[in-house]
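A.B. asks: Construct the entire structure; sequences and hints are all you get.
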Amino acid sequence: EAQVTQNPRYLITVTGKKLTVTCSQNMNHEYMSWYRQDPGLGLRQIYYSMNVEVTDKGDVPEGYKVSRKEKRNFPLILESPSPNQTSLYFCASSLAPGQGASMNTEAFFGQGTRLTVV
Amino acid sequence: AQSVTQPDIHITVSEGASLELRCNYSYGATPYLFWYVQSPGQGLQLLLKYFSGDTLVQGIKGFEAEFKRSQSSFNLRKPSVHWSDAAEYFCAVGAGDMRFGAGTRLTVKP
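First to last, the sequence lines map onto chains V and X. Using the numbering used here, the final residue of the first sequence is 118, and nothing's skipped along the way. Using the numbering used here, the final residue of the second sequence is 110, and nothing's skipped along the way.
These are computed hints drawn from the structure, not numbers from a lab. What you were told as hints is all true, and nothing was included just to trick you.
Below, a list of computed lysine-lysine pairs in the DSSO-like style, where the Cα atoms sit at most 27 Å apart: (1) X:K49 to V:K57; (2) V:K69 to V:K57; (3) V:K18 to V:K65; (4) X:K49 to V:K71; (5) X:K61 to X:K109.
Sample of chain V residues with no beta-carbon within 10 Å of chain X, all distances over it, derived: (6) V14; (7) E62; (8) R72; (9) P83; (10) T86.
Sample of chain V residues with no beta-carbon within 12 Å of chain X, all distances over it, derived: (11) S67; (12) N73; (13) S80.
Keep in mind it's a predicted model, so treat the numbers as computed, not measured. Built from N, CA and C at the ideal position, the CB exists for glycine as well.
C.D. replies: Okay, structure coming up:
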């Protein structure tokens, strides 16, 4: 089954304790992204990656790191979490325009990770 | 830079009434446009998408959207709303590097 898998689904942590949220996709997608969702603000892009070893900042990258060592995995790293990073996080993957035989570039989303930093 | 505006934060309609959710975008070329729906506590589900061709696109659950280049709009419509349509709706633009609007929360009155 084609899917994007995030882990963990729920996480409560303390300020300053490094954490990693994993994301894996099995669709051979070139693009992967991380978003955070906050009430009234919609989904804001944190980082995205167009390919292995190619990443770029989105709209709200401060306090986050990512890596793309393999095509299928795109972990989100919070080196020193703070309470303002309490949020619902989504990982997404998609084909790049022109990739494959289709023009389908819609994003496929993971189920989300609800993070609370106390 | 690409961006999306959803002017309506919250809309209430009666069950059986028609619905239109507004979306305006800013994009440098022919846009890839999407509408997603998120039910409470759930992830995001794709309703429909537009890349090119016919400017009126049909989606799942009886939704449709019309792309109007002159107005930079991609409004979502449904002729008759059901109580199960109550959710948050997001318009998005971009291919790979996708940007979302702030969302419109839909409440359906019995």
